[in-house]
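For reference, the chains in residue letters:
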Amino acid sequence: MLKYLVKRISATIVVLTLISMSVFLIFDVLPMDPARLTCGKSCSPAIVEGNRHRLGLDVPVQVQYGRWVKGLFVGRTYGEGQAEIVCSAPAFGYSFNRHECVTDLLKAAFPITLSLALGSFVLWLLVGVSLGIVAARFKNRWPDRLSNVFVLVGTSLPTFISGILILLFVALKFGFINAIDLGKWHSPFTDPIGWLNTFIFPWITLALAYAATYTRFTRSNVIETSSEDYIRTARAKGLSEKAILRKHTLRAALAPIVTIAGLDFAGLLGGAIITEGIFNLPGLGRLSIRAVLNDYDLPVIVATTMLAATFVVVMNLVVDILYAYIDPRVRVA
Amino acid sequence: MTQPILKITGLKKHFPVSTGGVFSKGKGVVKAVDGVDLEIFPGQTIGLVGESGCGKTTVGRTVLKLYEPTAGTIEFNGEDITKLTPKQMKPRRSQMQMIFQDPFASLNPRQTVGTLIGNTFDIQGITPEGGKTEEIQRLMKRVGLNPEHINRYPHEFSGGQRQRIGVARAIALKPKLIVADEPVSALDVSIQAQVVNLLEDLQEEFNLSYLFVAHDLSVVQHISDRVVVMYLGKVMEDADKKDLFLNPRHPYTRALLSAVPVPDPKIGRARERIILQGDLPSPVNPPAGCVFNTRCWKAQDKCRTEVPELVQISAGHKLACHFPEPASA
Amino acid sequence: MSAFLEVKNLNVSFPTEDGLVQASNDISFSVDRGETLAVVGESGSGKSVTSLAVMGLHNRKSTNISGSAFLNLESGPIDVISAPEEQVRRLRGKSMSMIFQDPMSALHPYYSIGDQLSEAWRLYNDGDKKAGFKRATEMLELVGIPDASKRVKEFPHQFSGGMRQRVMIAMALINNPALLIADEPTTALDVTVQSQILQLLKDMQKEFNMAVILITHDLGVVAEVADRVNVMYAGKIVEQGVADGIYYHADHPYTIGLLNSIPRVDQLDGKRLIAIPGQPPSLINLPQGCSFRSRCTFADQVAGNLCATVAPTLDEKDSAHFSRCHLTEKQLVAARGGK
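Residue numbers (the numbering used here), protein chains in the order written: chain A, 1 to 333; chain B, 1 to 329; chain C, 1 to 339.
With a cut-off of at most 30 Å between alpha-carbon atoms, the simulated DSSO-like pairs for lysine-lysine come out as follows:
hint, chain 1, residue 1, chain 2, residue 2
1, C, K8, C, K61
2, B, K298, C, K150
3, B, K7, C, K271
4, C, K330, B, K266
5, C, K61, A, K242
6, C, K61, A, K247
7, A, K247, C, K134
8, C, K271, B, K241
9, B, K83, B, K176
10, C, K202, B, K266
11, C, K129, C, K94
12, C, K130, C, K153
13, B, K266, C, K206
None of these hints come from the bench; they were simulated from the model.
One chain only, chain A, in its complex shape:
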């Protein structure tokens, strides 16, 4: 098992390195000039060149990459003398548009994205899986047909529509929330009610989209597992239907969900761009989309991309280990 872990962790590091290199190469190849975009309208070529130098864009891409990697471990200094800016480790870069170390931007945005992801995750799992079990249990009867409608709506309705509908016709209309307070951050530890207020509707929006897939998946898995031979064995042993469902069917049917759920969650940790946009949440999604569309803020783009990739790659490993724990056949001897 240890050997397996070591192998997997080394593989993870290799993958992350490759991703970071690819990101750098991609942005190097793109025709946009980040230095030009650092100062808006009142730009003189001198300022642009100065910023280009300070951004470290006047060196070959390999050197840029090397400096970036170094910055992750020891921090980085931009410019000299008076205009010196220091970003402490792990330094993802410096945003000239926002005049902040990227790491600080990430630190501010991450709790929001985490809250959003976590809450939606719990909500969609609970709703999706329970509904799927009910649908399987009452196959072809009205609970199943009703859940089918739910699945259809959930999978077809994109979040930019469902989010806006929920925002306008539920949240604002019924006065659950004020437009001014939209997206305001309250720490769950100091102001749990405020925290809930901010996130409840974004949670519902995201959960609606994801739960539908999980309902369908759970339903078909439970139905398929129920016809397996070992379920018949359990019945022949004298177990009650409830015990069979709980101990035998669900264990087998829900195991694959671990993988999917883990990866969906990891994907969300990189930021839910649309939902954050609609509900005015300043999370990683908002951060990254602004960096791309508005500012072409290269350091931020690289950082958010890397962060998102890291979450997914690490979660891959976590999920594989979890699955090996659940399914003994997968374990390496």
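Given the coordinates of chain A, assemble chains B and C onto it according to the supplied hints.
Below, chains B and C alone, put in the same frame as chain A:
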């Protein structure tokens, strides 16, 4: 002295098995077939028997070059086909055909019977005398199917009928050799005899040779002229049918025969039953020396270290054993 | 003195897209402790259906059942057909157990052997997990699994097919049932392993003094283990009697046909097999009269076209030997080839 239609010498087929994760090399080899000699003469049926993992199905497939052999030679009709490429094999394939085990999985559910049988002609670019459709219908009739059903789909037929379609497909090009891989195992008992009789009739009519691969010793005994017993990739015993069943010299053959149930209660009660201990070893890790030594009741040190050669022990009777069972009277 | 299991006039049918399937009709038989009844038939003969109904493993919502199946327990007889599901459930795994054909898929892949065995035991016995594992280990030793105390913690995929079937037998017997139903228990196994398992079943039957119903299509297996035999065709019992009587004095053309059509490893005369023509009928639209008529080579010997119009009843042709056929004794002797 007629030439054998098929002669295999030292045939080996090993499958690599990869163990380990992303960064480890594939290790381990399944020695599915590990040195098999075999001869089939025209009009003869060789029964190839053994239990799971003995390699009999792999032999059947390798002989037809569905798998490329790892070592050894295959001579078909006097020609060495071992190293021929698939392209070179194509024209020869009309002479060597296969009947498969599962009548449900071996027919394309989206093609009609006519198409399924007709494909054989199309692939070889042959137009039969008198027209393709007529020939297909003639074949259907020969195997006991109603020629009017030529446009039906496989799911409209029963298991036994589907197997007949498989037979028709196999004999369409008038082959010399047919490898029948468990052709009746998936059929109901009352249908098995019908298909067995059909195969026997066709053999007589066309002087076909069969390599009959099966685990059911009763059927093999009935249809074969000679029987080859395999265990974990190697041949244990190779003898004339009567000789094998009346005078088995290999301990495994004896155990196998004593385990086959006979539909006769008095015989069943009186029979001496040799019950082998233990399980079949894994083909990835076969025992050293004689592959059967871990379950053989008379295994001695020699058996655990030295691989017994397949030697002629009497006329037409070959054996691979250090301590053969005594000959019966 | 009544036998442990007494089945009377059991009929099982269920609706499908194509019509009502008459899975089994007018089934009556009994099995007592210490004896083995073999139920022989091909696919579609209905041989499994009756046993599934007795165990209560049929689909209660869509299956129509009539008739009775009495388990004569020490505490009194129970008709498992009419008893409520809860009551039947509490007999499963305790008074009656069933093992099935494919051992490879019959165990839950995620739980250890010990877990699954002890679950069966703890259902009907007070004891904690440790006690359950202890009992599980004992059973594994009883069914001949070497190194039982180590293997009890292992998982199904670490066992071979034959070993898994032994585990299934251990699980079925862990609560000392009085009735064991084995549905094609060796069909998926190699012949040398089959030999081991059949011997194990015989030993276990003696050990626990059980009534055993063995369902199979293999007449060789039946000859080895059965005391009495039910031959089934198209959902009905067509012949019923002591094993020797069925084999040496078959009173039904189907049985005779089967015996003539199966090759025997000890018959080396190269005589051609006499196949039964045609195919088993669909259970949806059973023909009028005798279900076997379309495949029977002797039907035209019966006067007045009786086989086509009148369904024969299961009559006693000989002492404790029943057959569902219109042929006379003389005609049957001729059908058997003069024996």
